[in-house]
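J.: Order-wise, the sequence lines are chains A and B.
For what it's worth, our numbering labels the leading residue of the first sequence as 600, then goes sequentially.
For what it's worth, our numbering labels the leading residue of the second sequence as 600, then goes sequentially.
Among these hints, one or two may not hold up.
Unchecked claim - Below, in silico cross-link-like pairs of lysine to any residue (SDA-like), each with a Cα-Cα straight-line distance of 25 Å or less:
(1) B/Lys-861 / B/Arg-837
(2) B/Lys-688 / A/Arg-613
(3) B/Lys-732 / A/Arg-617
(4) B/Lys-688 / A/Leu-616
(5) B/Lys-747 / A/Leu-616
(6) B/Lys-688 / A/Ser-768
(7) B/Lys-861 / B/Thr-851
(8) B/Lys-688 / B/Thr-670
(9) B/Lys-688 / A/Phe-868
(10) B/Lys-747 / A/Met-600
(11) B/Lys-688 / A/Ala-606
(12) B/Lys-688 / B/Ala-712
(13) B/Lys-884 / B/Pro-823
(14) B/Lys-688 / A/Ile-862
(15) B/Lys-688 / A/Arg-619
(16) B/Lys-688 / B/Leu-745
(17) B/Lys-688 / A/Leu-702
(18) B/Lys-747 / B/His-766
(19) B/Lys-688 / A/Pro-873
(20) B/Lys-688 / A/Ala-638
(21) B/Lys-688 / A/Val-785
(22) B/Lys-688 / A/Leu-622
(23) B/Lys-688 / A/Gly-602
(24) B/Lys-747 / B/Thr-691
(25) B/Lys-747 / A/Ser-769
(26) B/Lys-688 / A/Gly-774
(27) B/Lys-732 / A/Gly-685
(28) B/Lys-747 / B/Arg-675
(29) B/Lys-747 / A/Pro-694
(30) B/Lys-688 / A/Leu-844
(31) B/Lys-688 / A/Tyr-664
(32) B/Lys-732 / A/Ser-769
(33) B/Lys-884 / B/Asp-773
(34) B/Lys-732 / B/Gly-718
(35) B/Lys-688 / B/Arg-716
(36) B/Lys-688 / A/Leu-605
It should be emphasised that the hints constitute simulated quantities derived from the structure, not laboratory data.
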Amino acid sequence: MIGRILAVAGTEFRIALRNRWVLMATLIMVLFALALTLAGSAPTGALGVDMLTIAVASMTTLSVYLSPLLALMISFDSIAGEAERGGLALILSYPVSRAEILLGKFTAHLAALAIAMVIGFGAAGLVTALLGGAGQASLIALLRLVLTSILLGAVFLALGYALSAMSGSSTAAAGLSAGAWLVFVVLFDLGLLGAIVLDGGGVFTQHVFPWLMTANPADALRLWNIGAADSVAVASGLSGATSALPAWAAPASLLLWLPLGFILARLSFGRVEP
Amino acid sequence: MRDDALRIEGVSKQRGALAVLSDVSLVVRPGERVALLGHNGAGKSTLMKIVLGLVRASGGTIAVMGAAPGTVAARRATAYLPEAVAFHKALTGREQLTLFAKLSGVSRTVVAALLERVGLTDAADRRLGTYSKGMRQRLGMAQVLLGKPSVALLDEPTSGLDPASRHELYAIIDELAAAGTAVLIASHALTEVEARTERIAIMKDGRLVADDTLANLSARAGLPTRIRITATDAEADRVAEALGGTRINGRTVDLLCQTSGKLDRVKRIMSLGDAVTDFDISPPKLEDLYRHYSSEKPQ
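Excised from the complex, chain A in its bound form (with noise of 0.2 Å):
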């Protein structure tokens, strides 16, 4: 089984590096990455914080958004695109299961995430660190969020494969991603946003608020990164939202995701008749 596994996940990772999305995944987790640090650099000396705490702060906004983007980007055409192509069929008459397929895919744009993840994160800090220092403190927020980012990935590659399986054909994959991007990312939180300003301060805000936005898992990665280090929380400004919960809320979220993912991402595919 794990020799399948890893014959599937060194096919799919070879061709992530020869279609360039392993380069072209690292370099805009670079370019955003180093923009939005050194942008986000002024207000060090106002909040009593060394500069890669901010630069945290900041690149767990731009996670929020690239992490899942990134993720569906790599995994939506893999099954979808594979049956319309003929491949699915193939390689489905071998002796090789469902969920052995998914997670070969899994392990290798996994892998492809963390190198774009490591180095992206990993540039910007070091540029952050040369230039307004680091504590221990902030290197350990650093870690966080790196490994964070990749499980916040992790998640949505499974929803990926899930909505591949699902759609009949590459093209309706892609809308179906975006549309899953758009809402885990956007809409959901524009949505609770309005519902805070409705309730007026009321039960709402204070007991179901924190725990829809944890349900979320980009916005559980938020949460998770800003909970765990005050001072990323002082940074952010958002320390209000994540005291009104237990520290394992945002955590449990994620993690849970996971396994959900494949879970649906495994019965979808189990529904394909390539």
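With the hints as your guide, set chain B onto chain A.
T.: Showing chain B alone in chain A's frame:
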């Protein structure tokens, strides 16, 4: 060795209100080459996908070397060549075949030999995006040879190939069958399967309308043998009248007869002496048979 490598019994497939397959039964024995003929949409590809376990049948049973479709035992025993297979452009032929070897648990040392067998040694390390249709099809055939399958399902293996590539492909198919593989070939290329298969199965609208040897199918269809006689200019009319044929131009007379009456006709042609300068006998072609069985109402 089993008597049936592939046994299909009463298989049907409904897609909504449409019956894609109805009550199809077919047996392919080890070493046998069976042609599965039919128009597009007759259900050939669907039948193959059901045998592979990729598509679920609505009814009936299938045994691949005694195992149910889609089980590990059945998948190990089966090789498949999809119609117009498209591999991933970024991989090389060797990488693609190595992946398949690993998935089927075959030692990767066979990869080089198989590439050589299908004539892709020189192109082995080139990207598949640069391969021609014939080269992709040959790579597809190389993966069929992996792991010495008991059953090979080939969906339109020669479509879009030039005559030389077709010839090579059929040579490989012959080798497979000689080694004991049961081969099922879906095709519309009627003339080429004629000489290359032991048995012919014809599908029409999801039903199997014929399944027999070419000789038996011809006899049962009762299609006439055509004799074309060339007479001398002056005698053409007399020849046509004497033999009961039709004169189609100045010197040519066409005659249709049953296969059993062929010898008798030839004797009568010979008795006409110098009036006949030449004659040709054409037995019913696969095309005629195919037209006969695929226009026939199912019994």
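J.: Hints first: check each against the structure and report whether it holds.
T.: Consistency of the hints with the structure:
Among the hinted pairs, B/Lys-861 with B/Arg-837 is consistent with the structure: their alpha-carbon atoms are about 20 Å apart, no more than 25 Å. The straight-line distance between the Cα atoms of B/Lys-688 and A/Arg-613 is roughly 12 Å, inside the 25 Å bound, and the hint therefore holds. Distance check on the hinted pair: B/Lys-732 and A/Arg-617 sit about 22 Å apart at the alpha-carbon level, within 25 Å; holds. Between B/Lys-688 and A/Leu-616 the alpha-carbon distance is near 13 Å, which keeps this suggested pair within the 25 Å criterion.
For the suggested pair B/Lys-747 and A/Leu-616, the alpha carbons sit about 33 Å apart, so the restraint of at most 25 Å is broken. In summary, the hint linking B/Lys-688 to A/Ser-768 is supported, as the alpha carbons are separated by about 18 Å, within the 25 Å threshold. This hinted pair checks out: B/Lys-861 and B/Thr-851 have alpha carbons roughly 18 Å apart, not beyond 25 Å. Pair hint B/Lys-688 plus B/Thr-670 does not hold up; C-alpha atoms about 30 Å apart against a cutoff of 25 Å.
At roughly 23 Å between alpha-carbon atoms, B/Lys-688 and A/Phe-868 fall within 25 Å of each other, so this suggested pair holds. Pair hint B/Lys-747 plus A/Met-600 holds up; C-alpha atoms about 21 Å apart against a cutoff of 25 Å. The suggested pairing of B/Lys-688 with A/Ala-606 holds, with an alpha-carbon distance near 18 Å, which does not exceed 25 Å. The straight-line distance between the Cα atoms of B/Lys-688 and B/Ala-712 is roughly 22 Å, inside the 25 Å bound, and the hint therefore holds.
Among the hinted pairs, B/Lys-884 with B/Pro-823 is consistent with the structure: their alpha-carbon atoms are about 10 Å apart, no more than 25 Å. Among the hinted pairs, B/Lys-688 with A/Ile-862 is inconsistent with the structure: their alpha-carbon atoms are about 30 Å apart, more than 25 Å. Between B/Lys-688 and A/Arg-619 the CA atoms are separated by roughly 13 Å; this keeps the pair inside 25 Å, and the hint holds. Note on B/Lys-688 and B/Leu-745: the hinted pairing holds, with a Cα-Cα distance of about 21 Å set against a maximum of 25 Å.
Simply put, B/Lys-688 and A/Leu-702 have alpha-carbon atoms about 22 Å apart, close enough for the 25 Å limit, and the pair holds. Distance check on the hinted pair: B/Lys-747 and B/His-766 sit about 21 Å apart at the alpha-carbon level, within 25 Å; holds. For the hint pairing B/Lys-688 with A/Pro-873, the CA-to-CA distance comes to about 20 Å; that is within 25 Å, so the pair holds. With a CA separation close to 41 Å, the supplied pair B/Lys-688 and A/Ala-638 exceeds the 25 Å bound.
Restraint check for B/Lys-688 and A/Val-785: the C-alpha separation of about 35 Å exceeds 25 Å, so the hint is violated. With a C-alpha separation of about 18 Å, the suggested pair B/Lys-688 and A/Leu-622 falls inside the 25 Å cut-off, and the hint holds. For the proposed pair B/Lys-688 and A/Gly-602, the alpha carbon gap of about 24 Å is at most 25 Å, so the pair holds. The hinted pair formed by B/Lys-747 and B/Thr-691 meets the criterion: a straight-line CA distance of about 23 Å does not exceed 25 Å.
The straight-line distance between the Cα atoms of B/Lys-747 and A/Ser-769 is roughly 34 Å, outside the 25 Å bound, and the hint therefore fails. The straight-line distance between the Cα atoms of B/Lys-688 and A/Gly-774 is roughly 24 Å, inside the 25 Å bound, and the hint therefore holds. About 14 Å separates the Cα atoms of B/Lys-732 and A/Gly-685, which keeps this hinted pair within 25 Å; it holds. Straight-line distance between C-alpha atoms of B/Lys-747 and B/Arg-675 comes to about 10 Å, which keeps the hinted pair within the 25 Å bound.
Restraint check: the Cα-Cα separation between B/Lys-747 and A/Pro-694 comes to about 14 Å, which is no more than 25 Å; the hinted pair holds. Proposed proximity of B/Lys-688 and A/Leu-844 is contradicted: the alpha carbons are some 49 Å apart, above 25 Å. Between B/Lys-688 and A/Tyr-664, the direct Cα distance comes to roughly 30 Å. Violation of the 25 Å bound is thereby established for this hinted pair. Restraint check for B/Lys-732 and A/Ser-769: the C-alpha separation of about 23 Å stays at or below 25 Å, so the hint holds.
At most 25 Å may separate the alpha-carbon atoms for a hinted pair to count; B/Lys-884 and B/Asp-773 meet this at roughly 22 Å. Taking the CA atoms of B/Lys-732 and B/Gly-718, the gap is about 14 Å. The hint holds against a cut of 25 Å. A hinted pair counts as satisfied when its Cα atoms are at most 25 Å apart, and B/Lys-688 with B/Arg-716 qualifies at roughly 22 Å. Only pairs whose Cα atoms come within 25 Å are accepted, and B/Lys-688 paired with A/Leu-605 is accepted, the gap being roughly 20 Å.
Of the numbered hints given earlier, the model fails hints 5, 8, 14, 20, 21, 25, 30, 31; all others are met.
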